[in-house]
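Everything in the sequence shown is counted per the working numbering, starting at 379 for the first residue and increasing by one.
Hint data in this document are derived by calculation from the structure and do not stem from the laboratory. In this text the structure is predicted, and so the values were computed from the model without any measurement. Misleading hints may appear alongside valid ones.
Cross-link-like lysine-lysine pairs, in silico, DSS-like; alpha carbons within 25 Å at most [stated by the list, open to error]:
1) K392 / K402
2) K469 / K402
3) K389 / K402
4) K398 / K386
5) K469 / K389
6) K477 / K386
7) K459 / K398
8) K459 / K389
9) K459 / K392
10) K469 / K392
11) K469 / K459
If you anchor each label on the Cβ, the simulated ranges turn out as follows [what the hints assert, rightly or not]:
12) W440 / E395: 32 to 40 Å
13) Y401 / L443: 19 to 27 Å
14) R478 / I414: 30 to 38 Å
15) I414 / L454: 15 to 23 Å
16) L454 / Q475: 22 to 30 Å
Backbone N, C-alpha and C define an ideal beta-carbon position, used for all residues, glycine too.
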Amino acid sequence: MEFSESTKLRKARKRLEALKGFYKHLLVYIVVNIAIFIVRGNVLEFFQNQSPDKNFIEWVNWNTLIVPIFWGIGLLFHASKVFQYNFPFIKNWEDRQIKRFMDED
């Protein structure tokens, strides 16, 4: 009984460390991206240059947005790992592979 309790405790601590790591990652993501937008001046530029002729696509500086977009994708994968979300297409693929391997034997 004591062995299983220590195993549970170790797993719980490991999950807690993963969760703390995710929240640190999220905090850094938010702080860095706010700093990027402030430094690049897009926030002030947007409010100062509001003209009816300029739409969102013309206003956006894609070089500035590339960092939060790709980093955000990485952050989503990090969250899916930490919160143990299984993507349905991966689960379906795993089930098909197991069935195929069982059929081969």
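Given the hinted pair K459 and K392, is their alpha-carbon gap at most 25 Å? 13 Å, holds
Keeping to a limit of 25 Å between CA atoms, is the pair of K392 and K402 held or broken? 15 Å, holds
For K389 and K402, compute the direct alpha-carbon distance and say whether it is at most 25 Å. 20 Å, holds
Starting from K477, check that the Cα of K386 is at most 25 Å away, please. 32 Å, violated
Please work out if K469 and K389 have their alpha carbons no farther apart than 25 Å. Distance ~23 Å between K469 and K389 Cα, so the pair holds.
Is K469 close enough to K392, meaning Cα to Cα at most 25 Å? 24 Å, holds
Between the beta carbons of W440 and E395, is the distance compatible with 32 to 40 Å? Holds, since W440 and E395 (Cβ atoms, about 36 Å apart) stay within the stated range.
Can the restraint linking K459 and K398 be considered satisfied, given a maximum Cα separation of 25 Å? Distance ~13 Å between K459 and K398 Cα, so the pair holds.
Straight-line Cα separation of K398 and K386 no greater than 25 Å? Answer holds: K398 to K386 is near 18 Å, not above 25 Å.
Does the Cβ-Cβ separation between R478 and I414 fall within 30 to 38 Å? Since R478 and I414 have Cβ atoms about 46 Å apart, the given range 30 to 38 Å is violated.
Please verify whether K469 and K459 have alpha carbons no more than 25 Å apart. Holds, because 14 Å separates the two Cα atoms, which is no more than 25 Å.
With 22 to 30 Å as the target window, see if L454 and Q475 comply at their CB atoms. For Q475 against L454, whose Cβ atoms are near 24 Å apart, the range 22 to 30 Å holds.
Of the numbered hints listed earlier, those contradicted by the structure are 2, 6 and 14.
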